[in-house]
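Novice: Each chain, letter by letter, is given below.
There are 2 protein chains.
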Amino acid sequence: MTARFVKWGVIMKKITSRTNPRLKYARTLHRSRQRKKEGKFLVEGVRLLEEAVESENSIETIFFTKRLLTKARGQNLVKECRRRGSECLLVPEGVLTSLADTDSPQGIIGIAPIPLWERNDLLTGPGLLLLVDRVRDPGNLGTMLRTAEAAGSAGAFLSVGTVDPYNAKALRASMGSIFRFPLQLDCNLPALVAELKKIGYRTLAADADGEVTYWEADFSSPGALIVGNEAWGVARELLDLADARVKIPLSPGVESLNAALAAGILLYEGVRRRFIAENYQG
Amino acid sequence: MTARFVKWGVIMKKITSRTNPRLKYARTLHRSRQRKKEGKFLVEGVRLLEEAVESENSIETIFFTKRLLTKARGQNLVKECRRRGSECLLVPEGVLTSLADTDSPQGIIGIAPIPLWERNDLLTGPGLLLLVDRVRDPGNLGTMLRTAEAAGSAGAFLSVGTVDPYNAKALRASMGSIFRFPLQLDCNLPALVAELKKIGYRTLAADADGEVTYWEADFSSPGALIVGNEAWGVARELLDLADARVKIPLSPGVESLNAALAAGILLYEGVRRRFIAENYQG
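Taken in sequence, the protein lines are chains A and B. Position 277 of the first sequence, counted from 1, bears residue number 277 in our numbering, the numbering being contiguous throughout. Position 198 of the second sequence, counted from 1, bears residue number 198 in our numbering, the numbering being contiguous throughout.
Pulled out of the complex, with its shape left as it was, chain A reads as follows (with noise of 0.2 Å):
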């Protein structure tokens, strides 16, 4: 049953069943595949919400509990969502907790289309390209994305069998980065590294046995940095063609750094030489 009512005098609907077909539709989009066939993405929880909002994603439906309303964060941003178009379905808490990925969800999920960008939009500025080859956590991938947004990287590539960056638990790690940074998927690396060469970028992979201490390596720009899966690294393809494989170096007995926690060292390291060649040399 849908039903109509007024709030802030425009026309909202509440949703009580759940098997109504907006919810049905929202589910399906729990899978990676119907994600990429759809082009639409669940983006739970306020803060989420509001980094869309503000990055101007034309959310196009959001469910929401009254529970929300009582707050004025909450209000704010339903009204800020009705204002710009969205579908605003009104559900009870216990059919919003079947649509939600985490177990206390904050009263709001919304359907938003994918950020389509153009690949040129990831080869300007001067931060390190990153490049992901076949990450498997959502959440170090997520975490890779939140950090090289805030090191100025221009964008991500993101190999075929890197995990889905728009699963729900990438999303909360890339802390709303999702919605600004440009990414590519299903990214051929190898082809990719080869183009970028040809345009003049420098490009890096981070490997544990790598020929060059990260602080001794060469960052000029235009550069990239590939980084690799959590257990195996960067591809041998790919370690071959690049222009140089760096290492972080660990203390005896330290096998290996968070793949994330690395890729931030790296992309810092390259935010850092920025600044030096900037403010101390030419």
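Hints in this document: simulated from the structure, not taken from any laboratory. Mixed in with the good hints there might be a few duds.
Given that identical chains are not distinguished, each listed pair holds provided it fits within a single copy or across any two copies.
[Said to hold, decoys possible] Restricting the straight-line Cα-Cα distance to at most 35 Å, the calculated cross-link-like pairs of lysine-lysine (DSBU-like) are:
| id | residue 1 | residue 2 |
| --- | --- | --- |
| 1 | LYS247 | LYS71 |
| 2 | LYS71 | LYS197 |
| 3 | LYS14 | LYS66 |
| 4 | LYS169 | LYS24 |
| 5 | LYS247 | LYS197 |
| 6 | LYS37 | LYS247 |
| 7 | LYS37 | LYS66 |
| 8 | LYS14 | LYS79 |
| 9 | LYS169 | LYS71 |
| 10 | LYS169 | LYS66 |
| 11 | LYS169 | LYS79 |
| 12 | LYS198 | LYS37 |
| 13 | LYS247 | LYS169 |
| 14 | LYS79 | LYS66 |
| 15 | LYS169 | LYS36 |
Since chain A is already given, all that's left is putting chain B on it; use the hints.
Specialist: Okay, now just chain B, sitting in the frame of chain A:
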């Protein structure tokens, strides 16, 4: 019921009841308060237990399944635990799952004593000491400990209000560092910072509003790094006590970095500076 049987020439026991007292005891160790009272914690999975064995932790008891023994790595682990005097209890899959934190446990869970460190164990070595102020996310804490060990830190002091590092998620994120890396729990950090300053430590606090960008800060040794809560950062009192408040620059639009990632960037700046000090100066 506890049945005895002989395998590899040694007596082992088999538990079939979920209400067996050893199992009931083990289950109580899911609670932080109980871990503290007993000085014991649960170690789940092959990898973490291997790290425990390598670090000479005297694992008291292991619960394992038949399935584990189908793999050479699992068999070797059980043999090694037996050789070192652990009580080895074969349990049905369902019983192991009832004790596990993860949804698909790897067939083995141990009870290990919480390592005890002296305060002085932490006041050695050239790396930055890590002072953790009220970090709430166990994954972040575990990653911080793993990274601090990798960066040559001598140990970490955890404030009152920091999540328990013997929590299952923190243990997984620590990747075994928990068995090697000296810790002091429930610390009064303001008192500690005052003492460290007296004995010549330079204390840096990670602070988004810090007065100096980290690559321009003084990292002279011996030093300590204070990192704070995911949402609120380092407590005001500690910021005021620190010798310097250092910031990591962020691109416009990005509010913050992941707490463990920020800690890692600063810890590795310390590594880089020590390398420079040792190789290019003096």
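Novice: None of the hints should be skipped; say for each whether it holds.
Specialist: Now for the hints, and whether the structure bears them out:
no.	hint	result
1	LYS247 - LYS71	between (48 Å within a copy, 33 Å between copies)
2	LYS71 - LYS197	neither (52 Å within a copy, 45 Å between copies)
3	LYS14 - LYS66	within (10 Å within a copy, 53 Å between copies)
4	LYS169 - LYS24	both (21 Å within a copy, 33 Å between copies)
5	LYS247 - LYS197	both (21 Å within a copy, 33 Å between copies)
6	LYS37 - LYS247	neither (39 Å within a copy, 42 Å between copies)
7	LYS37 - LYS66	within (32 Å within a copy, 43 Å between copies)
8	LYS14 - LYS79	within (16 Å within a copy, 61 Å between copies)
9	LYS169 - LYS71	both (25 Å within a copy, 32 Å between copies)
10	LYS169 - LYS66	both (25 Å within a copy, 33 Å between copies)
11	LYS169 - LYS79	within (26 Å within a copy, 38 Å between copies)
12	LYS198 - LYS37	within (33 Å within a copy, 63 Å between copies)
13	LYS247 - LYS169	both (28 Å within a copy, 27 Å between copies)
14	LYS79 - LYS66	within (14 Å within a copy, 58 Å between copies)
15	LYS169 - LYS36	both (17 Å within a copy, 31 Å between copies)
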